[in-house]
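Line order of the protein sequences matches chains L and R. The numbering of the first sequence is the numbering used here, which starts it at 1 and goes up by one. The numbering of the second sequence is the numbering used here, which starts it at 1 and goes up by one.
Each hint can be trusted.
Just some of the chain L residues that point at chain R, by a computed CB distance under 7 angstroms:
#1 9
#2 208
#3 275
#4 279
#5 281
#6 288
List of simulated lysine-lysine pairs, PhoX-like, C-alpha gap at most 25 angstroms:
#7 R:135 x R:336
#8 L:85 x L:56
#9 R:4 x L:5
#10 R:4 x L:135
#11 R:343 x R:135
#12 R:394 x R:316
#13 L:395 x L:350
#14 R:5 x L:4
#15 R:165 x L:4
#16 R:135 x L:5
#17 R:97 x L:11
#18 L:97 x R:11
#19 R:97 x L:32
#20 L:4 x R:204
#21 L:295 x R:56
#22 L:165 x R:4
#23 R:25 x L:97
#24 R:350 x R:32
#25 L:11 x L:350
#26 R:56 x L:56
#27 R:5 x L:135
#28 R:395 x R:348
#29 R:4 x L:204
#30 L:5 x R:5
#31 R:135 x R:11
#32 R:387 x R:32
#33 L:25 x R:97
#34 L:56 x R:295
#35 R:32 x L:97
#36 L:4 x R:135
What the hints contain is simulated information worked out from the structure, not anything from laboratory work. All C-beta atoms in this analysis are idealised placements derived from N, C-alpha and C, irrespective of residue type, glycine included.
Number of protein chains: 2
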Amino acid sequence: MISKKMSNLVKNSSAIRAMFEEGRKMALEFGKENVYDYSLGNPSVPAPEGVNRAYKEVAGNPDSNYVHGYMLNQGFDEAREAIAKDLNARFPVAFDKNDIVMTVGAAGGMNVIMKTLLDPGDEVVVFAPYFGEYKNYVSNFDGVLVEVAPDTSTFQPDLKALEEKLTARTKIVIINTPNNPTGVVYSAETLTKLGQVLEEAQRKFGHPIYLLSDEPYRELVYDGAEVPFVTTFYRNTIVGYSYSKSLSMPGDRIGYLVIPREADDHDEIFAAAGVATRILGFVNAPSVAQLAITKCLNERVDVAIYDRNRKLLYEKLKEYGYECIMPQGAFYLFVKALEPDDKAFVAKAKAHRLLIVPGSTFGCAGYVRIAYCVDYAMIERSLPAFKALAEEYKK
Amino acid sequence: MISKKMSNLVKNSSAIRAMFEEGRKMALEFGKENVYDYSLGNPSVPAPEGVNRAYKEVAGNPDSNYVHGYMLNQGFDEAREAIAKDLNARFPVAFDKNDIVMTVGAAGGMNVIMKTLLDPGDEVVVFAPYFGEYKNYVSNFDGVLVEVAPDTSTFQPDLKALEEKLTARTKIVIINTPNNPTGVVYSAETLTKLGQVLEEAQRKFGHPIYLLSDEPYRELVYDGAEVPFVTTFYRNTIVGYSYSKSLSMPGDRIGYLVIPREADDHDEIFAAAGVATRILGFVNAPSVAQLAITKCLNERVDVAIYDRNRKLLYEKLKEYGYECIMPQGAFYLFVKALEPDDKAFVAKAKAHRLLIVPGSTFGCAGYVRIAYCVDYAMIERSLPAFKALAEEYKK
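With the sequences and hints as input, model every part of the structure.
Listed below in structure tokens is the structure:
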């Protein structure tokens with residue numbers, strides 16, 4: 001007697017999560033050492049010691065009703081102020097606490113902002129390949145997901161194709177940089193052009209189009225790559241951030257939205273985001289986590305560990321004959337499947353006990369995502385499997 | 001450019017929350033000591049020391065990826081097992097981990113279960129007076145809220161009136177015991193009859209009707225009152241629990257759903273609740289809070305403190321001529337307004353710097369809710385204001 005809507009959702013449920021659960025079962029059957037689970041973006045690098053120190057400090061605060069009590073639905077003033085100051089120090093921006101809403105991770109923040117902005121039938125544009133959950137977030141509010149086809153030569157957003165997808169019903173355009181699943185970082189040049197296309201569309205259609213920048217991977221970049229701050233390129237940008245990856249705490253569910261004061265209808269959006277946070281059942285981002293991250297905003301996971309993984313896996317996969325671009329950020333390789341049917345390829349990989357995710361989950365068939373936020377030793381152990389899989393296709 | 005839906009929600013936003021924010025402003029103007037804020041169910045009794053000890057222990061666990069990582073969307077196995085065992089030890093039930101879903105408080109759990117069960121147009125029945133947020137939770141999923149009028153002589157649910165409200169579209173009936181805002185506890189007799197009415201309706205309409213029992217106040221009872229466990233009266237009961245009140249940690253956002261194995265379509269609901277948790281953006285209940293409460297399931301706030309508040313306020317209000325029933329649980333008094341228009345009464349109370357919530361917020365005009373989860377000293381200071389307010393009506 002679950003709802004019809006839900007019944008369809010369960011059937012088409014996240015291939016990534018299904019793989020994660022499959023991995024747990026296979027580990028029991030074959031032994032944990034013999035299953036190479038590259039399915040989930042579950043950080044393998046431990047949280048910085050500062051995170052646990054901060055939790056202990058917060059738990060030691062004698063003012064229990066402050067630490068564990070309700071606060072404004074948008075979050076503690078102190079947390080929002082600290083984040084605004086931190087962003088102001090690092091980027092050419094000037095936020096204050098009224099531009100920040102604490103959220104239950106980036107997923108919570110994206111749902112809050114979609115609840116805030118979308119009426120049924122409103123369109124949300126995404127660039128393939130994109131995180132498959134966006135589809136569900138949009139459908140939660142009866143929005144319509146509009147896909148821009150991938151440019152598989154660079155995996156940068158195809159802005160010409162975007163122009164053709166913008167309509168009078170476009171309310172939100174989502175970007176995700178550094179990108180899941182490609183690892184691509186959008187350049188300042190790309191963002192400048194994107195801003196121009198959206199400004200032009202706003203003029204044409206006579207209403208704001210919000211650029212929702214999903215940035216959980218902001219701090220995970222390699223080779224000195226820079227991630228420009230998107231609000232400085234386009235006024236109507238809303239940033240969704242999460243500490244899941246930068247502090248290796250995805251289970252804690254803590255992040256924030258930036259609603260810059262220069263965005264159209266800033267005050268209304270800020271107020272509505274608080275109401276949305278409440279009525280969607282979050283009520284507020286977890287209080288202890290809010291106070292804890294306030295104490296360790298400058299901490300970072302050790303990105304060198306992911307970088308080492310990235311280099312080993314990229315180099316070896318290329319050596320075995322796989323095609324893929326070198327990622328500049330996040331912790332994924334987006335690899336061309338060795339046959340056009342990515343799901344069939346994923347099934348063949350599974351026979352080698354390699355768990356990887358089909359690109360069609362990301363709106364980009366013919367590719368697979370490999371999450372390298374895993375132990376280096378697992379990568380080493382898995383290399384013969386990747387090699388054998390490639391050789392299977394050479395026969 | 002916020003959505004039309006949201007624009008209406010913001011306009012009609014929670015009177016309780018508005019009052020809470022008003023209280024913060026008035027405290028700045030008149031001094032904190034001179035504002036008597038009875039608006040919000042924000043516990044004043046500190047969390048038991050065990051809660052903070054548990055947080056510190058969890059933060060001290062060297063396995064960072066376990067403590068801060070993803071787990072099944074339904075929550076950690078250990079947390080769900082511990083809760084099942086705890087319930088089995090206290091009530092005549094036999095749950096296991098597959099009957100428990102960890103949630104972001106009770107509000108998160110209720111949204112998850114409504115996402116799981118409701119198709120647009122499905123009906124959700126509530127007994128007035130009821131927590132006003134239920135209306136928003138139901139409308140999040142395009143359900144239709146159906147109110148059963150209050151029996152103001154006892155504030156027990158009117159089961160005759162319920163029978164008339166059940167239709168072929170009824171999917172969920174919500175109860176809340178101990179009740180917000182009346183403090184009433186549903187007796188075993190009431191629950192037995194309620195179960196019979198629902199069984200009969202299931203037969204008549206040929207599909208399950210789920211009884212959603214919202215129980216954040218389960219452990220807050222007085223004078224030795226017993227709160228029967230609802231699943232033992234009606235098979236298709238789903239319990240929504242929160243530690244917000246029993247451990248004074250509403251900001252932490254931690255609770256659970258019980259989906260008993262004997263409920264129709266148990267497995268489907270359990271699986272769908274996991275998917276709903278993920279796609280609504282919760283992803284999972286906060287990991288550190290899940291592990292922390294697992295370590296202090298037997299802790300309780302000191303209910304004697306609320307009991308002392310209850311007795312003082314009840315006795316004095318009766319003395320001043322107010323009418324209200326003596327609450328057996330929770331931390332609210334539901335008092336008859338001294339004029340038919342409860343909102344006008346609330347405005348007059350505010351002139352005495354008394355912040356109380358109109359009963360119409362709870363679907364029960366002519367009454368007001370007074371949340372006595374406050375400092376005893378504040379109650380003492382506020383008594384002359386309650387007296388003066390009553391005298392204003394005697395002139």
